[in-house]
Amino acid sequence: MSFSVAEGEFFAFLGPNGAGKTTTISILTTTLSKTSGTVRIAGYDIEEQDRQVRENIGVIAQRPSLDKSLSAEENIRIHACLYGLYGYRPTFRMMPAEYRDRVEQLADVVGMRESLFTKVGKLSGGMARKFEVVRSLMHTPHVLFLDEPTQGLDAVARHDLWDYLDRVRRDWGTTVFLTTHYIDEAESADTVCLINRGRIALCCPPEEMKRSLGADTLEDAYVDFLRRDGADHLDALELGRETAA
Amino acid sequence: MSSITLTAGAVRPITSRAARELNAVVAVAARDITITLKSPATLVMSLVMPLLMMGMIGGNLMQNMAGGLDFNFGTFMLVGMLINMLFMMTTMGMVTLVDDSDDNYSAELLVSPVSRYSIVIGKILGSSFMAIVSCLGVLVVGLVMGITLAPWQLLGLLALAPLMCLSGGALAMIVMGVIKSNKLANMAVMMITMPQMFLSGVIIPIGNSSGVLMVLSRILPMTYCVDLGRAVVYAGSPDFDSVVLFNPMVSLVAIITLTVLCLIVGTYLYARSEKNR
Numbered sequence: 045m046s047f048s049v050a051e052g053e054f055f056a057f058l059g060p061n062g063a064g065k066t067t068t069i070s071i072l073t074t075t076l077s078k079t080s081g082t083v084r085i086a087g088y089d090i091e092e093q094d095r096q097v098r099e100n101i102g103v104i105a106q107r108p109s110l111d112k113s114l115s116a117e118e119n120i121r122i123h124a125c126l127y128g129l130y131g132y133r134p135t136f137r138m139m140p141a142e143y144r145d146r147v148e149q150l151a152d153v154v155g156m157r158e159s160l161f162t163k164v165g166k167l168s169g170g171m172a173r174k175f176e177v178v179r180s181l182m183h184t185p186h187v188l189f190l191d192e193p194t195q196g197l198d199a200v201a202r203h204d205l206w207d208y209l210d211r212v213r214r215d216w217g218t219t220v221f222l223t224t225h226y227i228d229e230a231e232s233a234d235t236v237c238l239i240n241r242g243r244i245a246l247c248c249p250p251e252e253m254k255r256s257l258g259a260d261t262l263e264d265a266y267v268d269f270l271r272r273d274g275a276d277h278l279d280a281l282e283l284g285r286e287t288a289a
Numbered sequence: 032m033s034s035i036t037l038t039a040g041a042v043r044p045i046t047s048r049a050a051r052e053l054n055a056v057v058a059v060a061a062r063d064i065t066i067t068l069k070s071p072a073t074l075v076m077s078l079v080m081p082l083l084m085m086g087m088i089g090g091n092l093m094q095n096m097a098g099g100l101d102f103n104f105g106t107f108m109l110v111g112m113l114i115n116m117l118f119m120m121t122t123m124g125m126v127t128l129v130d131d132s133d134d135n136y137s138a139e140l141l142v143s144p145v146s147r148y149s150i151v152i153g154k155i156l157g158s159s160f161m162a163i164v165s166c167l168g169v170l171v172v173g174l175v176m177g178i179t180l181a182p183w184q185l186l187g188l189l190a191l192a193p194l195m196c197l198s199g200g201a202l203a204m205i206v207m208g209v210i211k212s213n214k215l216a217n218m219a220v221m222m223i224t225m226p227q228m229f230l231s232g233v234i235i236p237i238g239n240s241s242g243v244l245m246v247l248s249r250i251l252p253m254t255y256c257v258d259l260g261r262a263v264v265y266a267g268s269p270d271f272d273s274v275v276l277f278n279p280m281v282s283l284v285a286i287i288t289l290t291v292l293c294l295i296v297g298t299y300l301y302a303r304s305e306k307n308r
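Protein chains in written order, with this note's numbering: chain F, 45 to 289; chain G, 32 to 308.
To be clear, the hints were calculated from the coordinates, so they are not data collected in a lab. Honestly, I wouldn't trust all of these hints.
Listed next, the stretches of chain F that the computed footprint assigns to chain G, with coverage defined by at least 3 CB atoms under 8 angstroms from CB atoms of chain G [to be verified]: (1) 53-66; (2) 86-100; (3) 103-114; (4) 117-130; (5) 236-250.
Output of the computed footprint for chain F on chain G, the stretches with three or more beta carbons under 8 angstroms from beta carbons of chain F [stated by the list, open to error]: (6) 54-63; (7) 134-147.
All values derive from a computational prediction rather than experimental measurement. Every residue, glycine too, gets a C-beta built ideally from N, C-alpha and C.
For reference, chain F alone in the conformation it holds in the complex (with noise of 0.2 angstroms):
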């Protein structure tokens, strides 16, 4: 597969299960090798310069990346400490005034900062998504990976989560770069690329995508979409079949 962002785009990556989503994801962020061809991300070649790659990203994984057992503030402190932001001390007050600053002005943002020292493991699921976004934005990454960042949540958290990632965007000019199978959640993005079995099907913007299909929604131009795909390779795969026989 072959496909190229543009430095501040909103870019949704959709596809069904087991399409190759997540493999994509974690081959950009460093996190899995890739087989073959050249990824660059921000500028950098991510086997050569995979230090500088992961210095320019942030990631919300799939499944939650939180330390449970220790507090969402101890979590963002060891974050920020690894990505080199600030030296590292043992309690909230003993960092440097400009952390702790940033910490609340964050936590404010998404409305938690009374569980800022609270468990991970005593918050609700969509409480710790939104500490997880604030410690991926901690050292203001250039581009933001986001698997399914509202998996498991209720629409309130979701909404909310978007409203945070929206607000995010246009003030940093940060770069998106989303899965998810909340379609809707794809609306507003610059381009939608649709990924079926391990292969890029479609890429383009969504309002493009709907008049092409004409759907009336993204999610019915995906549901369409993906019906026809899927009729196509199985009429391949019958033809296949009979001509082997």
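Based on the hints, put chain G in the right spot on chain F.
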């Protein structure tokens, strides 16, 4: 949601590569120490372990089998147990790497822009906190049994402690690099630590070992750790030759060589397994 406008923040990142790696080591180690301090059960287990090892096994050996030795078995055993605790508890602490993988926290660590060695060394140092707590337990049990060390001897062992912990943690990394199941990792760590306890001269002298047992003892890093520890404690003592097997420099070189080797191989296996999971 509030109407606060986000600012990118006037962060001045640490620019020196070495300082960043060191900061990462400290942060990773601090995470494990924080988790240990928040878990009273872990702390209690760290203190109970010496009671079982030193008090019961060591106590029985001292009362029933140490009569024919030409040196004080109590001091011999106390030093062995202190090194054993550093080695064993650090090794056991490394099993949490498998937990990190299960909880997906390893993704957070491995996607950060720091060396894999910094992550592993930080993890080893964090695990060694529990080992230090266990050593305090050993000293308390020793005190109850009437076995003590002079302050200078304790300081000597304390100075060696980071190397001993690093050695145990590096050995554990080989296992963590290939095992991804918590249950299996715990069993494997027990299989590493228990034989070492008996083959490395922790509580049973190995000066007269021969054949397979001798060969096994010479390839285990803990043998050299225990011997170097005893070399420090028995320095200048008439019992030095009866207790210490190797020249301290030989032990030091052996520990460093085996530790570096295990660290390189273990970190490579761990990073590879996480990248291909």
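Hint-by-hint comparison with the structure:
1. 53-66: Answer violated; 0 residues pass the 8 angstroms Cβ test.
2. 86-100: holds (count 4)
3. 103-114: Result for this restraint: holds, n = 10.
4. 117-130: With 10 residues closer than 8 angstroms to chain G, the segment 117-130 of chain F meets the three-residue bar; holds.
5. 236-250: violated (count 0)
6. 54-63: holds (count 7)
7. 134-147: holds (count 11)
Hints 1, 5 from the list above are not met by this structure, while the remaining hints are.
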